[in-house]
Amino acid sequence: MTGYIIRRVLLNFLVIFILATFVFIAVRILPGDYTVEQIATRQFAGGGVEGESVEDLMEEAREALGLHGSIIEQYGRYIRDVARGDFGISLQTRQSTISETREALPYTLQLGTMTLLVALVIGIPFGCLSAWRKGSRLDAALRVTAMLGLAAPTFWTATIGTLIVLETGWIHLDVLGHPGIWEDPWGSIQLFLIPAIAGGVGIGAILMRLVRSEMIAVMGTDYVRTARAKGLAETAVAVHHGLRSALPTIITLLGLLVAVVVGGTIILEVMFNIPGMGQRMIRAIGGRDLPMIQTLALSIAVMVVFANLVVDIITAVVDPRISVSASDV
Amino acid sequence: MAEDLGRAGPEGVLVPELVPSRARMRTTIARFLRSDAPGAVGLVVIAVMVFIVIFGVMITPYTKDQIFTEVNPEYDPRSTSPGALAETRSAFLAGPSWDHWLGTDTKGRDLLTRLMYGSRISVSIGVGAAFFGVLAGSIIGLTSGFAGGKVDLVIQRLVDAMIAFPGLLLLLLIVQVGERSYTLTLLALSVGVTFGSSRIVRAATMKTRGETYVEAARAMGASKMRVVLRHVLPNIVDPIIIIFSISIGANILAEASLAFLNLSVPGPSWGQIVNEGRAFLDSKPLMSVSAGLAITIVVLSFNVVGDSVRDWLDPHQRAR
Numbered sequence: 001m002t003g004y005i006i007r008r009v010l011l012n013f014l015v016i017f018i019l020a021t022f023v024f025i026a027v028r029i030l031p032g033d034y035t036v037e038q039i040a041t042r043q044f045a046g047g048g049v050e051g052e053s054v055e056d057l058m059e060e061a062r063e064a065l066g067l068h069g070s071i072i073e074q075y076g077r078y079i080r081d082v083a084r085g086d087f088g089i090s091l092q093t094r095q096s097t098i099s100e101t102r103e104a105l106p107y108t109l110q111l112g113t114m115t116l117l118v119a120l121v122i123g124i125p126f127g128c129l130s131a132w133r134k135g136s137r138l139d140a141a142l143r144v145t146a147m148l149g150l151a152a153p154t155f156w157t158a159t160i161g162t163l164i165v166l167e168t169g170w171i172h173l174d175v176l177g178h179p180g181i182w183e184d185p186w187g188s189i190q191l192f193l194i195p196a197i198a199g200g201v202g203i204g205a206i207l208m209r210l211v212r213s214e215m216i217a218v219m220g221t222d223y224v225r226t227a228r229a230k231g232l233a234e235t236a237v238a239v240h241h242g243l244r245s246a247l248p249t250i251i252t253l254l255g256l257l258v259a260v261v262v263g264g265t266i267i268l269e270v271m272f273n274i275p276g277m278g279q280r281m282i283r284a285i286g287g288r289d290l291p292m293i294q295t296l297a298l299s300i301a302v303m304v305v306f307a308n309l310v311v312d313i314i315t316a317v318v319d320p321r322i323s324v325s326a327s328d329v
Numbered sequence: 001m002a003e004d005l006g007r008a009g010p011e012g013v014l015v016p017e018l019v020p021s022r023a024r025m026r027t028t029i030a031r032f033l034r035s036d037a038p039g040a041v042g043l044v045v046i047a048v049m050v051f052i053v054i055f056g057v058m059i060t061p062y063t064k065d066q067i068f069t070e071v072n073p074e075y076d077p078r079s080t081s082p083g084a085l086a087e088t089r090s091a092f093l094a095g096p097s098w099d100h101w102l103g104t105d106t107k108g109r110d111l112l113t114r115l116m117y118g119s120r121i122s123v124s125i126g127v128g129a130a131f132f133g134v135l136a137g138s139i140i141g142l143t144s145g146f147a148g149g150k151v152d153l154v155i156q157r158l159v160d161a162m163i164a165f166p167g168l169l170l171l172l173l174i175v176q177v178g179e180r181s182y183t184l185t186l187l188a189l190s191v192g193v194t195f196g197s198s199r200i201v202r203a204a205t206m207k208t209r210g211e212t213y214v215e216a217a218r219a220m221g222a223s224k225m226r227v228v229l230r231h232v233l234p235n236i237v238d239p240i241i242i243i244f245s246i247s248i249g250a251n252i253l254a255e256a257s258l259a260f261l262n263l264s265v266p267g268p269s270w271g272q273i274v275n276e277g278r279a280f281l282d283s284k285p286l287m288s289v290s291a292g293l294a295i296t297i298v299v300l301s302f303n304v305v306g307d308s309v310r311d312w313l314d315p316h317q318r319a320r
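Chains as they are written, first to last, in the numbering used here: chain A, 1 to 329; chain B, 1 to 320.
Hints in this document: simulated from the structure, not taken from any laboratory.
Honestly, I wouldn't trust all of these hints.
Restraint-style ranges between C-beta atoms, simulated for each label pair [unchecked claim]: (1) Val154/B with Gly76/A: 17 to 23 Å; (2) Leu117/A with Val177/B: 34 to 40 Å; (3) Ile139/B with Ser99/A: 22 to 28 Å; (4) Thr168/A with Glu70/B: 46 to 52 Å; (5) Ala216/B with Leu109/A: 32 to 38 Å; (6) Ile59/B with Val239/A: 53 to 59 Å; (7) Pro106/A with Ala30/B: 39 to 45 Å; (8) Glu167/A with Val71/B: 45 to 51 Å; (9) Ala30/B with Ala141/A: 50 to 56 Å; (10) Arg226/B with Leu232/A: 40 to 46 Å.
The beta carbon of each residue, even a glycine, is placed where N, CA and C say it ideally should be.
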């Protein structure tokens, strides 16, 4: 078990290294001079020193951005800085990108957690219900709903949700104040509710389909028949024998869904003016704020990688077969 | 009857008929329609959609950028307010009428015409990205699975890293490198499909690699290229078709998300139409609602048909 965890952690560091390299390449494909030129002219417009040419300013800006030297040198410097935790300064806000990210993190975590909760509340009970009543009208209706939930774009369900809220006034959306969970818990939950439901419906649909097919497969096995034969109540059979053995598969899927949830929060944060990592990412892309894009992309990716690590470990605990058979991972 | 069993080859040997006869095609389609009603409905919707994609622009009497005007109800030549001086004004979010079935958009353009143009972007990018993505994924998966050893190890760790990226984040990172364009969006979505599909192709390749017919081909001295193309590839076509058909719907959704963020193709993309209409949601929701509904219906149809294709090619899945 310990060996398995150590192997997984080491593997994750490798994955993060590759991710960092990818982010480096992605942010640098566009000739860096476009950005440098912009910064230089901006500084120039803001009243440059007499006698200082744009050329000099560009050289300075390159230095500031770490875009000087050959691409290999730049890469070396970048990896060293990342390893040290030095991510540079945002071009837009002039703050350290890592502190910006730290400010944004709670919002994204809150939205992500709420989304996942909605997905679980929808996915597991309805998936079980659908499997239990397999072939019935209820099953058909649930499956159609799941297909609709998969097909409707998140931003559209959120739009419709907003429309309903505006019409009925059930919830107060404090879009301008975007309260955090610690300052104004109730206001915060109200604001996050519509986006969480909009995001959770699609993910809940994926989960529901998996829970249904897993439960149908498990409930057809011999040991479930044995459990029934010895007179256990149907719910006890479903929960202790059915859901219990479907659990590793469900947890594994949840791990994969973390990436989907995080991706989904980006668009929802923009829509509801939630100052999380996604909204900052879009703003950084709009302003070609390279250090900020770099830091956010890497932090989001690292978050997902570690969430997956946690999920893998939980799966190994829940299903002892894994840590034994996965020795080749 | 001999026709059904096969036809005589050049040397008089009976060669099994590989191309299904037209009659057999017909019964296959009829059986499909009977056994899988949702798939059939989805297929019909897709057929209608393809018709709109190709001919819609020819049917509509308007162009996508044509701005319509209406009589200004506040018209008063003596007034001092600037809004009241013109006799006409652009038909801002006009309601449905015989001339404009879905009304006009925020700039006074015919909404239905713009949705028809949008269908071209959504469907072509959705299908195109599935094609290129699965193609690239197949090449990577085949190489990795067939080569095995160190090559496989290196490729798989790269794929691990890329899969860890949330889909939309990966798209954003690719899209941010340049100006908004069709090619860039197509490229980003293709990359999004590539890594996931390479996993599936790799698994299928590894399963096939151990089969006796591959071993036999190798023993006969066939080159690696020949083994891959003539013996492995034909046997993993089914999973490749399945991932292709299943990823189309997801691609259309992803394109819509990018368009919603104003980061996709410039023009009347469906996601962008939802976004433009959002500001006037409480008074005139038709614009956002109709564009969103268009996305939902098309994605739903592609998903349903994708599921049918999977059930058809991989009956194991259906049994569950």
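Discussion item. Hint compliance check: list the failing hint numbers for this structure, sorted ascending.
Written reply: 3, 4, 5, 7, 8, 9 and 10
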